[in-house]
Structure formats: structure tokens, C-alpha cells
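Engineer: The lines below spell out each chain.
Number of protein chains: 2
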Amino acid sequence: MSTSMTAPSPAAPTTPPRVLSAALSEHVGARIRIAGWLHRRRLLKSVAFAIVRDRSGLAQVVVSEEVARARLEELNEETVVEVTGTVVANPAAPGGVELVEPVITVLGEAEAPPFDLYRPSLRATLPTLLDRAPVSLRHPRRKAAFELASAATMGFRETVAAMDFTEIFTPKIVASATESGANVFAIDYFGRPGYLAQSPQFYKQTMVGVFERVFEVGPVFRAEPHDTVRHLAEYTSLDVEFGFIESYRDVAEVLREVVAGMVSAVAERAAAAVALLEPVVPQVPSRFPELHFAEALELISRETGEDLSGVNDLSPAHERWVGEWARREHGSDFAVVVGYPMSKRPFYTAEDPGRPGYSDSFDLLFRGTEMVTGGRRLHRYADYLAAIAAQGGSPEPYAGYLEAFKHGMPPHGGFAIGLERFVAQLTGVANIREVTLFPRDLHRIAP
Amino acid sequence: MSTSMTAPSPAAPTTPPRVLSAALSEHVGARIRIAGWLHRRRLLKSVAFAIVRDRSGLAQVVVSEEVARARLEELNEETVVEVTGTVVANPAAPGGVELVEPVITVLGEAEAPPFDLYRPSLRATLPTLLDRAPVSLRHPRRKAAFELASAATMGFRETVAAMDFTEIFTPKIVASATESGANVFAIDYFGRPGYLAQSPQFYKQTMVGVFERVFEVGPVFRAEPHDTVRHLAEYTSLDVEFGFIESYRDVAEVLREVVAGMVSAVAERAAAAVALLEPVVPQVPSRFPELHFAEALELISRETGEDLSGVNDLSPAHERWVGEWARREHGSDFAVVVGYPMSKRPFYTAEDPGRPGYSDSFDLLFRGTEMVTGGRRLHRYADYLAAIAAQGGSPEPYAGYLEAFKHGMPPHGGFAIGLERFVAQLTGVANIREVTLFPRDLHRIAP
Numbered sequence: 001m002s003t004s005m006t007a008p009s010p011a012a013p014t015t016p017p018r019v020l021s022a023a024l025s026e027h028v029g030a031r032i033r034i035a036g037w038l039h040r041r042r043l044l045k046s047v048a049f050a051i052v053r054d055r056s057g058l059a060q061v062v063v064s065e066e067v068a069r070a071r072l073e074e075l076n077e078e079t080v081v082e083v084t085g086t087v088v089a090n091p092a093a094p095g096g097v098e099l100v101e102p103v104i105t106v107l108g109e110a111e112a113p114p115f116d117l118y119r120p121s122l123r124a125t126l127p128t129l130l131d132r133a134p135v136s137l138r139h140p141r142r143k144a145a146f147e148l149a150s151a152a153t154m155g156f157r158e159t160v161a162a163m164d165f166t167e168i169f170t171p172k173i174v175a176s177a178t179e180s181g182a183n184v185f186a187i188d189y190f191g192r193p194g195y196l197a198q199s200p201q202f203y204k205q206t207m208v209g210v211f212e213r214v215f216e217v218g219p220v221f222r223a224e225p226h227d228t229v230r231h232l233a234e235y236t237s238l239d240v241e242f243g244f245i246e247s248y249r250d251v252a253e254v255l256r257e258v259v260a261g262m263v264s265a266v267a268e269r270a271a272a273a274v275a276l277l278e279p280v281v282p283q284v285p286s287r288f289p290e291l292h293f294a295e296a297l298e299l300i301s302r303e304t305g306e307d308l309s310g311v312n313d314l315s316p317a318h319e320r321w322v323g324e325w326a327r328r329e330h331g332s333d334f335a336v337v338v339g340y341p342m343s344k345r346p347f348y349t350a351e352d353p354g355r356p357g358y359s360d361s362f363d364l365l366f367r368g369t370e371m372v373t374g375g376r377r378l379h380r381y382a383d384y385l386a387a388i389a390a391q392g393g394s395p396e397p398y399a400g401y402l403e404a405f406k407h408g409m410p411p412h413g414g415f416a417i418g419l420e421r422f423v424a425q426l427t428g429v430a431n432i433r434e435v436t437l438f439p440r441d442l443h444r445i446a447p
Numbered sequence: 001m002s003t004s005m006t007a008p009s010p011a012a013p014t015t016p017p018r019v020l021s022a023a024l025s026e027h028v029g030a031r032i033r034i035a036g037w038l039h040r041r042r043l044l045k046s047v048a049f050a051i052v053r054d055r056s057g058l059a060q061v062v063v064s065e066e067v068a069r070a071r072l073e074e075l076n077e078e079t080v081v082e083v084t085g086t087v088v089a090n091p092a093a094p095g096g097v098e099l100v101e102p103v104i105t106v107l108g109e110a111e112a113p114p115f116d117l118y119r120p121s122l123r124a125t126l127p128t129l130l131d132r133a134p135v136s137l138r139h140p141r142r143k144a145a146f147e148l149a150s151a152a153t154m155g156f157r158e159t160v161a162a163m164d165f166t167e168i169f170t171p172k173i174v175a176s177a178t179e180s181g182a183n184v185f186a187i188d189y190f191g192r193p194g195y196l197a198q199s200p201q202f203y204k205q206t207m208v209g210v211f212e213r214v215f216e217v218g219p220v221f222r223a224e225p226h227d228t229v230r231h232l233a234e235y236t237s238l239d240v241e242f243g244f245i246e247s248y249r250d251v252a253e254v255l256r257e258v259v260a261g262m263v264s265a266v267a268e269r270a271a272a273a274v275a276l277l278e279p280v281v282p283q284v285p286s287r288f289p290e291l292h293f294a295e296a297l298e299l300i301s302r303e304t305g306e307d308l309s310g311v312n313d314l315s316p317a318h319e320r321w322v323g324e325w326a327r328r329e330h331g332s333d334f335a336v337v338v339g340y341p342m343s344k345r346p347f348y349t350a351e352d353p354g355r356p357g358y359s360d361s362f363d364l365l366f367r368g369t370e371m372v373t374g375g376r377r378l379h380r381y382a383d384y385l386a387a388i389a390a391q392g393g394s395p396e397p398y399a400g401y402l403e404a405f406k407h408g409m410p411p412h413g414g415f416a417i418g419l420e421r422f423v424a425q426l427t428g429v430a431n432i433r434e435v436t437l438f439p440r441d442l443h444r445i446a447p
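Residue numbers (the UniProt record's numbering), protein chains in the order written: chain A, 1 to 447; chain B, 1 to 447.
Keep in mind that the hints were calculated from the coordinates and are not lab data.
Treat each hint with caution, since some may be false.
Which copy is meant is left open, so a pair is good if it fits within one copy or across any two.
25 Å max Cα-Cα, derived SDA-like pairs, lysine to any residue [stated by the list, open to error]: (1) K143 - G400; (2) K143 - F244; (3) K143 - L402; (4) K344 - V88; (5) K143 - M163; (6) K45 - A389; (7) K344 - A30; (8) K143 - R380; (9) K143 - A161; (10) K143 - S199; (11) K143 - A162; (12) K143 - Y398; (13) K143 - A124; (14) K344 - T373.
Construct the entire structure; sequences and hints are all you get.
Structural biologist: What follows is the structure in C-alpha cells.
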């Protein structure tokens with residue numbers, strides 16, 4: 001207990017301090033220590049190389065001495081090692097430096113990995129990569145997607161915190177299905193029925209009554225019965241809700257700030273991941289180009305000749321059309337479609353006062369695919385009772401939610417961003433599972 | 001669609017911009033607009049006052065004109081209003097300013113609240129406050145605890161992000177109970193059995209193999225069969241895990257940095273809540289005072305005369321004793337107890353190599369109550385197989401977890417902070433439910 005934190009450990013009294021591989025070039029000439037995973041061994045005739053991977057990148061270790069080489073030959077890739085060596089400049093080495101005269105110590109043994117992590121891309125099917133996630137995620141390209149996600153989430157929170165939003169944590173176990181009875185997971189709650197929250201929608205609205213402006217980052221659960229490349233049974237939702245708005249426009253404007261914050265956080269905080277994956281980082285315009293739902297249908301119909309009368313939603317092909325329109329007319333990766341018909345929106349959606357039948361809400365499309373849904377909500381108790389009755393429902397299961405509206409709520413609105421979907425669209429992967437650490441779907445609950 | 005964001009709304013063409021109540025004193029002499037909840041009406045003989053609450057605090061509105069007064073008398077507390085008025089200095093008013101010549105517009109009607117939100121503290125039992133959470137949380141003192149929590153969480157994340165930790169989102173639906181079969185919620189996962197994660201423990205360890213340093217803020221689920229003032233069935237866990245450590249000391253040092261970051265974020269970001277609740281914000285020492293478990297028992301036994309031979313855990317009374325020891329001997333609100341017996345720690349816990357039978361792990365006590373558990377974990381595959389076998393278990397349910405250790409893991413460790421417990425101890429509330437937005441327990445699943 002009297003040993004101070006900075007004292008060397010008794011087991012290795014002369015161990016030099018650990019240096020990250022990305023910082024090696026600052027230590028040319030010095031005897032230092034690196035630590036990480038044996039990413040690759042290259043056993044040439046005259047010399048051997050050990051490539052060590054740590055959280056900052058790769059370092060090359062030159063092994064020329066015979067005993068050390070024999071030892072290296074015995075180690076499997078992914079063995080965790082500590083290497084003490086001297087840093088020398090070598091323009092041919094990655095990063096312009098390498099480690100010579102190494103002493104290699106094993107910190108964690110490894111069996112041979114199921115696939116080569118050192119190849120530019122992994123040679124295995126997606127199901128295999130997901131089954132072996134603890135290993136496959138170590139591949140620099142797989143890992144990089146999550147560094148983007150982490151940076152984007154930080155950018156999200158910093159942006160809303162700067163706008164005076166309060167972070168909330170709302171319950172994921174709820175007494176009744178949130179928005180509809182469908183697609184909800186049932187749980188055994190101390191012998192009584194419970195459900196997993198499909199979204200924090202009701203709670204975040206209620207909390208506008210307390211904090212005015214709230215946000216939440218948390219899991220949401222959808223018992224999606226379909227197996228598609230875009231749907232997950234559990235994903236991360238970035239939720240925002242705030243009061244004292246006039247229309248969906250105020251919501252779309254906050255969303256624009258948030259998306260800009262996420263995109264710049266990716267560029268600034270995840271520069272290495274951006275350099276590796278080369279996603280096309282979008283320009284966020286000073287205002288999102290907008291199309292009204294009815295206008296979008298009219299333009300599509302005029303261009304394609306499709307009869308779209310009576311259509312009350314956009315198909316994926318229509319969304320792609322809008323994406324192309326935004327690119328062509330406004331040079332933008334983003335487009336907002338406003339005024340989806342009320343019949344396609346959940347009961348808490350407010351109507352456009354100037355255009356009955358159409359909602360005061362929107363979808364944000366990113367590169368022709370829906371990424372965010374947002375809008376203004378009802379805020380009067382009587383309007384909720386009417387909307388629930390119009391759906392043939394009873395107010396009883398909504399009692400806790402309606403309590404907020406009974407006791408004074410301002411006009412308010414908000415949106416939810418699916419984090420995995422944002423990263424999938426940013427990186428252009430074919431399947432959202434590629435950018436989800438441990439995806440959950442109709443068929444998968446492990447690892 | 002051509003209307004710009006900054007254009008005035010058609011309904012109120014001459015509305016001045018909204019000012020928050022806390023900023024009113026910057027607008028003396030100006031005609032401005034405030035918006036918020038009618039917190040209190042004071043109807044005196046000669047004059048009436050409307051106190052309006054917004055997210056920044058309270059504003060006083062002077063109503064002397066007869067028609068306006070009659071209108072105010074009709075409104076219930078908690079009605080959402082917009083008030084346009086002229087700001088005048090008045091040393092007797094809260095904040096030194098008030099609004100005169102008001103025009104009051106109702107934005108959201110309200111029924112009379114079930115309790116008076118304007119009183120210094122709420123006059124209702126805790127069950128009633130929880131049943132009516134959407135209203136009771138509006139009370140400035142209740143609300144303030146969550147502003148502390150939001151600030152502390154931001155401080156947590158900023159501190160770990162600055163130390164190069166990556167944020168992860170691990171699944172909450174899992175295929176097998178995490179640490180034990182007890183206290184786990186079962187779910188119907190597409191017709192197959194699933195469970196809610198009791199902690200992200202296995203996943204965060206696995207992710208050390210990918211990112212080296214990870215953190216997660218998310219819900220954890222415990223089917224706690226006991227109804228106590230300290231336990232919840234769902235709470236927010238602030239999790240940290242990182243590699244390339246030597247002992248629990250490295251973990252305790254990161255924890256110290258994190259707690260310091262949380263405490264200063266509370267002081268800086270939640271100053272108004274701190275001013276209202278007056279929690280005793282602790283000093284975080286440059287190093288936490290430490291006692292070994294065995295030494296703690298010896299000191300307690302010597303002082304109290306209790307026979308503690310064979311005891312393998314600390315009782316709440318023992319924890320309080322250690323808390324008093326830390327205060328008395330080190331002037332600290334914090335104390336670390338290290339080396340809890342292996343028999344009381346989960347199977348993944350590493351042993352102290354210098355003291356067999358005792359773990360390389362610790363608890364952090366804050367004011368005499370356990371707040372954090374942390375330590376070094378096993379990192380070798382063979383050690384996991386042995387530890388699981390020693391418990392009479394089979395490695396099969398742990399296959400996805402063990403995959404990481406089979407393929408090379410560094411010595412690592414981490415900790416988990418219960419957010420609600422931290423705030424409860426900081427604010428000194430009697431029951432953790434007071435600082436949980438929508439608590440879940442043996443009896444409560446709504447609202």
C-alpha cells in the first residue's frame with residue numbers, strides 16, 4: 001500500500017515506459033517499450049519482422065537475432081506481446097521508424113486466429129465474421145467503423161449540450177407497448193407482463209415538461225419480424241425533444257446543427273478511421289433542401305409516369321429519387337421531405353395547420369435513404385384523447401404519458417437518429433450488421 | 001417552404017424574441033417575451049403576481065390591469081404561458097427584475113396540479129411523487145438532482161474520452177445470464193429464450209481486445225427480489241475497461257481521475273442545481289486512502305471487539321466504519337478497500353499474486369457506502385476454463401466471451417459506477433428512487 005503509482009513494478013524493475021506505435025517517431029534513438037497484438041509475422045530468409053498492433057496503429061519490429069527469431073516463429077498471430085527495443089528511422093518501414101534489438105515478452109497467449117487479420121480485408125462471410133465478432137472486430141477496417149460511431153456520438157452530445165439540452169435516462173422496461181402492440185418484446189417482470197421500450201418517445205416528451213430540452217442516447221428494441229440488411233432488433237437511438245417551437249422547422253433546424261456537429265466530430269476525432277475507410281464525409285448545407293411530400297409525389301409522377309394518386313408513403317425507390325433530386329438541384333447529400341400524410345404517422349403527430357391531412361413532420365434522407373424522423377407533436381390533453389379515440393384506442397394504457405399533457409405542455413417536437421444507420425450510410429456498407437458490434441436480429445442473439 | 005427560419009410566425013407578427021428568465025436583467029427597459037409554466041399565482045388585493053418557471057429559473061410578472069388579472073385568476077398553476085412585457089428593475093423581485101404591462105397568452109392548458117409545486121418541498125409521500133412523476137419532477141428540487149446527474153455523466157465521458165477511451169454500445173438482449181443465473185429478467189426472443197444483460201461486463205472485456213480502452217453508459221437490469229432504498233431493477237451504469245495494466249492500482253488511479261472529472265463537472269455545469277440542493281461537493285484527494293480488506297477487519301475487530309474471523313465480506317456497518325476511518329485519518333470522503341476475498345468475487349476476478357485467497361480488486365466507498373467495484377480480471381484462456389470449472393460450470397454458455405481470451409488478451413481491468421447511487425450519495429437522499437426519473441423495482445413498472 002505504500003508503493004506509489006509511479007514506481008516501477010517489482011517484476012520488471014528496468015522496464016522503460018510504454019509508447020504507442022503512432023508516437024514512435026518521437027523517440028528515435030531511445031530504448032522504449034511497445035505493447036499490443038502480434039498482428040503479423042513475416043519470416044524472411046535473412047530477417048524476420050513482427051508487426052505489433054496497438055490502439056494507435058501498427059509498429060514494425062526487426063528480429064534478426066536467432067533465439068528471438070526462433071521464439072517469434074512459435075507465436076501465433078494475435079498473441080499479446082510487450083516489446084522493448086531501440087527506435088531507429090527507416091523510411092521503408094510503416095511510419096518511417098522501426099524497433100531493433102527487441103526483447104519480446106508474451107503477456108497473453110493466442111491460438112491461431114480463424115482468419116488473417118492482417119489482410120486488407122477479411123476473407124470470410126458476414127455470418128462467420130459475426131459469429132467470431134471478438135476476433136473479427138480487431139481487423140483495422142471493422143474497428144474503424146466503431147471509432148466513427150464513437151466520434152459521431154460524442155459530436156451529437158456536445159452539440160445538444162451546447163444548446164442547453166439535459167441528458168436523461170428513461171426506462172427500457174415499460175408497462176405497455178410504446179407506440180403499437182406490434183414488434184414489441186415481452187418480458188417476465190417479477191411474474192407480471194412487461195415490455196422492452198421500442199423508443200423513449202413518451203418519456204422524452206414528458207420530460208420536456210420538466211427540462212424543456214432533453215436528449216438521450218440509449219438502446220431501443222424492435223421485434224422486427226423481417227430479416228433485411230437495414231433492420232436490427234436492438235439499436236442505438238440518439239433522441240432529442242424540446243419545447244416552445246412553432247413548427248417542424250424549428251426541429252429541422254436543430255437537427256441540421258446536430259448532423260453538422262456529428263459530421264465534424266467524425267472528421268476531427270476519428271481522423272485515423274476516416275483515413276482508413278475513406279468515407280465520403282458529407283457537406284452539411286446551411287439549410288437542408290426541402291420538398292413537401294405531395295410535391296415529391298408530383299415531381300416523381302411527372303418524371304416517371306407512375307400513377308401515385310392515393311399513395312401515402314415513399315417507397316425506397318421514391319426516397320432514392322428524392323436523394324438524386326437533392327444532389328442534382330442543391331448539390332446536397334441531405335434532403336428533408338415534409339408533410340407526410342397524417343395516416344402514416346403515429347397518433348402523437350401534429351397536423352400542418354395550413355394543410356389538413358398532412359403532418360407537421362418530416363423525414364431526413366441521407367443519400368436517398370431515410371435516416372431520421374422528426375416533427376412537431378400534439379401538446380394539448382384534449383387532442384391526445386381525440387387522437388387515441390380516433391384510432392379506436394383507450395386512454396387507460398397511456399395514463400402515465402397523458403399525465404404530462406393534463407398538467408400543461410408547450411408546443412414541442414423532436415427527432416431520433418439511428419446511430420448504426422447513420423454510420424452504415426456514411427461508410428456505405430451493404431449491411432447494417434457490419435457496423436453493429438453484436439447485432440441482434442430474427443436469427444441472432446449471440447455472441 | 002420559402003419562409004425562412006428567422007421570419008416571425010404569421011400568428012404573432014410582432015412577437016419579440018424569447019428571453020430566458022435567468023437573462024432578464026440584461027434586458028431592463030426592453031419589451032421582451034418569456035415563456036414557461038405558471039409556477040405560482042399570488043393574488044393580492046392591489047396587485048397580482050404571476051411567477052413563470054422556465055428551464056433557467058423563475059420570473060416575476062406584475063399584473064395590475066383588471067382584465068389581465070381576471071384572466072390570470074382563471075388559469076391553473078402549470079398552465080404553459082407566453083408573456084410579453086417590459087422588464088423593469090425591482091430590488092425586491094427575484095433576480096432584481098420583473099415584467100410589467102404583461103400580455104399573457106396560453107400555450108398549453110393545465111388542470112390543477114395534484115400538489116403545490118411552488119412550495120420549498122413537495123408535500124406528498126414518495127409513492128405519490130413517483131406515481132405522478134411527470135408532474136412531481138417539475139419541482140425545482142426534484143429536477144435539480146437530474147441536472148447533477150446529467151452534468152456528472154458528461155464529466156465522466158469527457159474524462160475518459162481525454163484518456164483515449166472509445167465509447168461502445170453492447171447488446172442488452174443476451175443469450176445467457178451474464179454473471180449468474182439469479183436476478184435475471186427473461187424475455188421472449190422471437191419464440192426463443194433470451195435475457196436482459198445484468199451488466200456489460202463480458203462485452204466490455206471482449207472489446208479491450210479490439211480498442212484497448214472502452215467505456216459505456218447504459219442501462220443494466222437486475223431482477224432484485226428485495227425492496228430496499230438502495231436497489232433498482234434497472235439503473236444506469238458507467239462502465240470502464242482497459243488493457244495493459246499491472247494491478248488494481250492502475251484501475252483505481254483511472255477511477256480517481258474519473259470521479260474527479262465527475263465532481264468538477266457537477267460544480268461547473270450544474271451550478272444552479274448545486275446552489276439549490278447544496279450537496280456537500282467532495283474533495284477528491286490526489287490518491288484515495290486505501291485499506292486492505294484483512295487490515296480493515298483487524299482494525300474494526302480491535303476497535304469494536306467483534307469476532308470477525310472467517311468473515312469474507314464487509315457489512316454496511318463495516319463500510320460505515322471504513323468511511324469514518326477515511327474521514328478521521330485522511331480527511332477524505334472516499335476510501336478504497338482492496339483485496340476482498342476471492343470467494344466473494346465473480347469468477348473473472350484476478351487473484352493478488354502476492355496474497356493468495358485475496359483478489360486483485362477493490363471497492364470504492366463514498367461516505368461509507370460502496371459506490372464502485374473494480375479490479376483486475378483474469379486474461380488467460382486457461383485461467384478462465386479453470387475458474388469456470390472450479391465453480392462447477394461448463395464453458396459452453398460462455399463461448400462467445402471465451403473466444404476473446406482464446407485469441408490473445410492483455411492483462412486488463414475496469415470498474416462500474418452506478419449513476420443513481422452516486423447522485424443519491426452526493427445529495428444525501430434517503431431513497432435512491434428520489435434520484436431516478438422512472439424507477440423500476442419489485443413493485444413498480446409504471447409510469
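Engineer: If a hint holds in the structure, say so; if it doesn't, say that too.
Structural biologist: Hints versus structure:
1. K143 - G400: Close across copies (18 Å), not inside one copy (41 Å); limit 25 Å.
2. K143 - F244: Result: close only across copies, 19 Å inter versus 41 Å intra.
3. K143 - L402: between (43 Å within a copy, 20 Å between copies)
4. K344 - V88: neither (65 Å within a copy, 49 Å between copies)
5. K143 - M163: Answer is between; shortest inter-copy Cα gap is 18 Å, intra-copy 31 Å.
6. K45 - A389: This pair counts as neither: shortest intra-copy Cα distance 80 Å, inter-copy 44 Å.
7. K344 - A30: neither (66 Å within a copy, 45 Å between copies)
8. K143 - R380: between (46 Å within a copy, 23 Å between copies)
9. K143 - A161: between (27 Å within a copy, 17 Å between copies)
10. K143 - S199: between (27 Å within a copy, 22 Å between copies)
11. K143 - A162: For K143 and A162, the Cα distance is within 25 Å only across copies (19 Å; inside one copy 29 Å).
12. K143 - Y398: between (42 Å within a copy, 23 Å between copies)
13. K143 - A124: within (16 Å within a copy, 51 Å between copies)
14. K344 - T373: within (12 Å within a copy, 48 Å between copies)
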